[in-house]
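Using my numbering, read the sequence shown as starting at 356 and increasing by one per residue.
No lab work stands behind these hints, which were simulated from the structure alone. A portion of the hints provided could be inaccurate.
[Unchecked claim] EDC-like cross-link-like pairs, simulated, lysine to aspartate or glutamate; straight-line CA separation at most 20 Å:
(1) LYS587 / GLU618
(2) LYS602 / ASP580
(3) LYS419 / ASP484
(4) LYS587 / ASP564
(5) LYS430 / ASP390
(6) LYS420 / ASP481
(7) LYS419 / ASP481
(8) LYS420 / GLU372
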Amino acid sequence: MNITYIYHSCFLVETAECYYLFDYYKGNLPAMDTDKPVLVFVSHSHQDHYNPAVLSMLRAMGMKKIGAILPNDIKPKNYPEGWSLLPDSPCAKISLKDSTSWEETPPSGLFMDNAAASDRGFPSMDGLDNHILKVYHSKEYTLPCHTQIRTLLSTDSGVAFLLTCSEGIFYHAGDLNDWITEDTPEEERRQMTGSFRAALRPLKDLSIDHACLPLDPHLGRHYADGFLYFLKNLNVKKVYPMHFWDKPEIVARFLEEYPEYRERIIVPT
356 MNITYIYHSC
366 FLVETAECYY
376 LFDYYKGNLP
386 AMDTDKPVLV
396 FVSHSHQDHY
406 NPAVLSMLRA
416 MGMKKIGAIL
426 PNDIKPKNYP
436 EGWSLLPDSP
446 CAKISLKDST
456 SWEETPPSGL
466 FMDNAAASDR
476 GFPSMDGLDN
486 HILKVYHSKE
496 YTLPCHTQIR
506 TLLSTDSGVA
516 FLLTCSEGIF
526 YHAGDLNDWI
536 TEDTPEEERR
546 QMTGSFRAAL
556 RPLKDLSIDH
566 ACLPLDPHLG
576 RHYADGFLYF
586 LKNLNVKKVY
596 PMHFWDKPEI
606 VARFLEEYPE
616 YRERIIVPT
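Please construct the entire structure, taking both the sequences and the accompanying hints into account.
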């Protein structure tokens with residue numbers, strides 16, 4: 356995977372088959388191969404994660420095949436003009452009984468294989484182009500370009516995405532984080548921290564190649580609570596800080612305070 360940081364929580368991931376663009380808010384997109392499809396992911400409806408203009412921007416750049424994956428907290432009235440919603444049939448209809456067990460097991464273990472996906476009528480890129488796939492938390496979906504995603508319930512709004520493809524496993528947290536500050540009441544702190552850790556349980560036994568995680572200076576001395584928990588408790592090779600607005604110095608602060616993680620942190624530029 357070739358991963359490019361755009362701004363705030365936005366990353367562009369390129370593989371041999373396609374592009375994946377996560378949580379575009381603003382910023383310049385690099386030149387892209389117009390013959391490759393691009394799948395646009397939005398974690399939730401907040402304006403610093405969802406800018407519907409990105410779809411027309413990609414068209415203006417010459418991208419020929421574009422699909423959008425939007426969470427159900429984005430209302431149809433806020434969909435980009437001219438884009439239509441796919442039916443719910445692409446959803447694998449697999450939900451969590453609790454945070455750790457499945458109601459049914461996909462044929463290939465964590466994700467459904469391509470044969471199972473085609474049997475269920477999942478869309479090709481031709482079917483997804485110029486369409487929106489609405490996704491819900493705690494479910495799995497198979498997409499074009501040999502791509503599968505699993506959604507996690509956010510502690511703020513919408514979902515987090517776990518994406519697997521032929522080149523690895525990529526996690527984008529969206530706003531799934533331990534959102535506590537010095538002013539958060541003790542009971543709310545316990546609830547938030549418990550919800551955050553419970554949401555990550557489905558990832559416990561995975562080896563994640565790349566993870567994009569919030570490191571937010573607005574949280575004061577708790578700026579790295581969720582970031583550290585992920586590093587300490589999950590198997591992840593490379594971590595990309597995000598959601599630091601115009602304060603990239605927070606990354607330098609983290610590396611100074613926790614130098615033991617320096618080799619795993621990719622400093623955004």
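message: Tell me the numbers of any earlier hints that the structure contravenes, in ascending order.
response: The structure breaks only hint 5.
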